[in-house]
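These protein sequence lines are chains B and E, in that order. Per the numbering used here, the first sequence runs over residues 1 to 229. Per the numbering used here, the second sequence runs over residues 1 to 385.
The reader is advised that the hints may include incorrect statements.
[To be verified] Beta-carbon label-pair distances, calculated as ranges: (1) B:L190 / E:P366: 44 to 52 Å; (2) B:Q16 / E:V324: 48 to 56 Å; (3) E:M1 / B:D137: 23 to 31 Å.
[Said to hold, decoys possible] On the chain E side, residues computed to face chain B include the following (Cβ under 10 Å): (4) F3; (5) A290; (6) G296; (7) F297; (8) N299.
[Claimed, not checked] Anything over 12 Å on all C-beta distances counts as not near chain E; from chain B, calculated: (9) D21; (10) Q127; (11) L146; (12) G149.
No wet-lab data here; the hints were simulated from the structure. Glycine included, every Cβ here is placed at the ideal spot set by N, Cα and C.
Spelled out from the first residue to the last, the chains are:
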Amino acid sequence: MSDTLIEVSNVSKIYQRGKMDVPVLESLNLTVDQGDFLALMGPSGSGKTTLLNLIGGLDVPTSGSIRIGSENIDQLSQGQLATWRSRNVGFVFQFYNLLPVLTASKNVELPLLLTGLSGKERKKRAQAALSVVGLEDRANHRPAELSGGQEQRVAIARAIVSDPELLVCDEPTGDLDRTTADEILELIQLLNKDYGKTVLMVTHDPKAADHASHSLHLDKGRLIEAQPA
Amino acid sequence: MKFSGLIWAAVYRKPIRSSLTLGSLFVAFLLFGLLHSVSVAFTQGVDFAGVDRLIVAPKYSIIDDIPLNYQRRIAGVDGVELIAYRSWFGGTYQNNKQFFSRWPVPPKEFLDIYPEFIIADEQREAFISTRTGAIVGRDVATAFDLKVGDRMPLIPNIWMNKDNGPWVFDLVGIFDGADESVDTNQMFMSYDFFDEYRTQSQGGVGTFVVRITDPDRTAAIAAEIDAMFANSSDETKTTTEKAYNQMFANQLGDIGFIMTGILSAVFFTILLLTGNTMAQAIRERIPELAILKTVGFSNVTVLILVLCESLLIALLGCIPGLLVASMLMPALSGAVPFFGDVQMTPLIYIQGILLALALGVIVGLPPAVRAMKLNIVDALGEHAA
Chain B
1 MSDTLIEVSN VSKIYQRGKM DVPVLESLNL TVDQGDFLAL MGPSGSGKTT
51 LLNLIGGLDV PTSGSIRIGS ENIDQLSQGQ LATWRSRNVG FVFQFYNLLP
101 VLTASKNVEL PLLLTGLSGK ERKKRAQAAL SVVGLEDRAN HRPAELSGGQ
151 EQRVAIARAI VSDPELLVCD EPTGDLDRTT ADEILELIQL LNKDYGKTVL
201 MVTHDPKAAD HASHSLHLDK GRLIEAQPA
Chain E
1 MKFSGLIWAA VYRKPIRSSL TLGSLFVAFL LFGLLHSVSV AFTQGVDFAG
51 VDRLIVAPKY SIIDDIPLNY QRRIAGVDGV ELIAYRSWFG GTYQNNKQFF
101 SRWPVPPKEF LDIYPEFIIA DEQREAFIST RTGAIVGRDV ATAFDLKVGD
151 RMPLIPNIWM NKDNGPWVFD LVGIFDGADE SVDTNQMFMS YDFFDEYRTQ
201 SQGGVGTFVV RITDPDRTAA IAAEIDAMFA NSSDETKTTT EKAYNQMFAN
251 QLGDIGFIMT GILSAVFFTI LLLTGNTMAQ AIRERIPELA ILKTVGFSNV
301 TVLILVLCES LLIALLGCIP GLLVASMLMP ALSGAVPFFG DVQMTPLIYI
351 QGILLALALG VIVGLPPAVR AMKLNIVDAL GEHAA
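Taking the hints into account, I'd like the entire structure generated from these sequences.
In structure tokens:
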């Protein structure tokens, strides 16, 4: 029996564009078990990134509730949500979003700056995270000195450095060639299987989705299909 | 402190742009240090003037004289304790490498009325008894390596003498100030000798200096003195020494106003320049700031980071600017001797740093607030687009 980590109940999200209301998600319900690797698929504008942002605590629903573990994150203030994100979620984006002025090690350390850890301990943990993604020898390189795949590995190291339960990945291979994309997906799979991370991944790529244990399809803000991978 | 690496990295993100911004701030604070020091040097005599001394001056212009024979009548006014007088000598000494003011005075009365000039008793007596005697302050003695017994030839530029040559005075004493505020960049010589040998305006003095017994009666005594000479050919205007010094300074131009005007123009330009640079720097980093928020940095933390960045830039421009200004002080004193011994006082450093902090806050606050209000989803969406 698996425990439920994510419980999305009757969630709607409506954006305001000028005077117009644009509904993106409509009364969506979803549960994800702890340790799952779930791929969210669907056409552009289907609401998959919006759903990912809501579950990751980057945005708040217009209505409905989202429970992650024991926390109803839709009830949290902006400040509480920031603290919650720093402890519970790791983010991986399509364009890596590393800070170009910092070395790989310093980029990975960023989430740890919000903890009470000493500089030495932060560095040690960043080094450990970089070794998990196979980049311990690139710790002092800046993003401009790394390949796309290496940048994404640094981003993954940053996502796992504070040991969150949940990894949310938004098109993590969208900017990579096939071979590098497969390496990144295998790394994410490893984090899911060997490190027990629950992974939620948005992708357009069916081959990427094959690495997940489940796939869900969204269209026009509704969950239309759920199938075991 | 753990965020310091992040702040430094942000400052040096664009090295050329940062260097130009720091360069402009450096120049602004260099100017601040130089001009403010000159302004302070120019007006410091005003601030330390005695409260129990009045100056009786010509009513209409500092270049007019008033008759010496007013002395007896002024001395008879109730409340007047001591009276002395002085005239502006001008002249040039040696290569004029350091300007110092020169005043013919009645030695005894003048030293009695200015007890803050500290001089050895035998030198005081020599000054009183030597017709060609002169005394100089410690600053002058040090600058020109003078010692008692030296002869000091002064080339006239206002007062020609009957020999149509230089005035030669015998240095009979060197005085110190009772404290650091007393101006020892001065020379005093015997008025009697000066008056006898000048070719014009005999029997005239520049101003009288009057010491009064009761500073609370300043206004009444001043009014009584001026009333005595009203409607004469040499009317007087009597004020406190402080007010007179201020007026004297203002006749040469309101230095404080000029300096403040120049500095205001400089800092207004710097404000716009640095403000624009900071706004641009933050605009470019919106996705990076969004990432900081994504990984858990709160809105307030992001606001503080951007403000610290702005304050750091301001201080990095300010501190070297002030330090270089202080190093240039000796050269400034030499190049513009009229201003005397110009120095960077601790107060000027403090004012400069406070100005830098204010500049940092004013320039940094708008982009900091923008960064604080940044919506993560919108900012990341812009980057993806």
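Evaluation of the provided hints:
At about 45 Å, the beta-carbon gap between L190 (chain B) and P366 (chain E) stays in the expected band of 44 to 52 Å. Separated by about 54 Å at the C-beta atoms, Q16 (chain B) and V324 (chain E) satisfy the suggested range of 48 to 56 Å. Between M1 (chain E) and D137 (chain B) the C-beta distance comes to about 29 Å, which sits within the given range of 23 to 31 Å. For F3 (chain E), the interface hint holds, since its Cβ comes within 10 Å of a Cβ in chain B; the closest pair sits about 6 Å apart.
Interface restraint check: A290 (chain E) against chain B, minimum CB-CB distance 8 Å, threshold 10 Å, status holds. Annotation: interface hint on G296 (chain E) holds; nearest CB of chain B at approximately 2 Å, less than 10 Å. Interface restraint check for F297 (chain E): the shortest CB-CB distance to chain B comes to about 7 Å, inside 10 Å, so the restraint holds. This hint holds: N299 (chain E) has a C-beta 6 Å from the nearest C-beta of chain B, less than the 10 Å allowed.
No beta-carbon of chain E is positioned within 12 Å of the beta-carbon of D21 (chain B); the least distance is around 17 Å. For Q127 (chain B), the non-interface assignment is confirmed: its Cβ lies about 16 Å from the closest Cβ of chain E, beyond the 12 Å cut-off. Under the 12 Å C-beta cut-off, the non-interface status given to L146 (chain B) relative to chain E holds; the minimum distance is some 16 Å. In this structure G149 (chain B) is separated from chain E by more than 12 Å, as the shortest Cβ-Cβ distance comes to about 19 Å.
Going down the numbered hints, you'll see the structure goes against none, and every one checks out.
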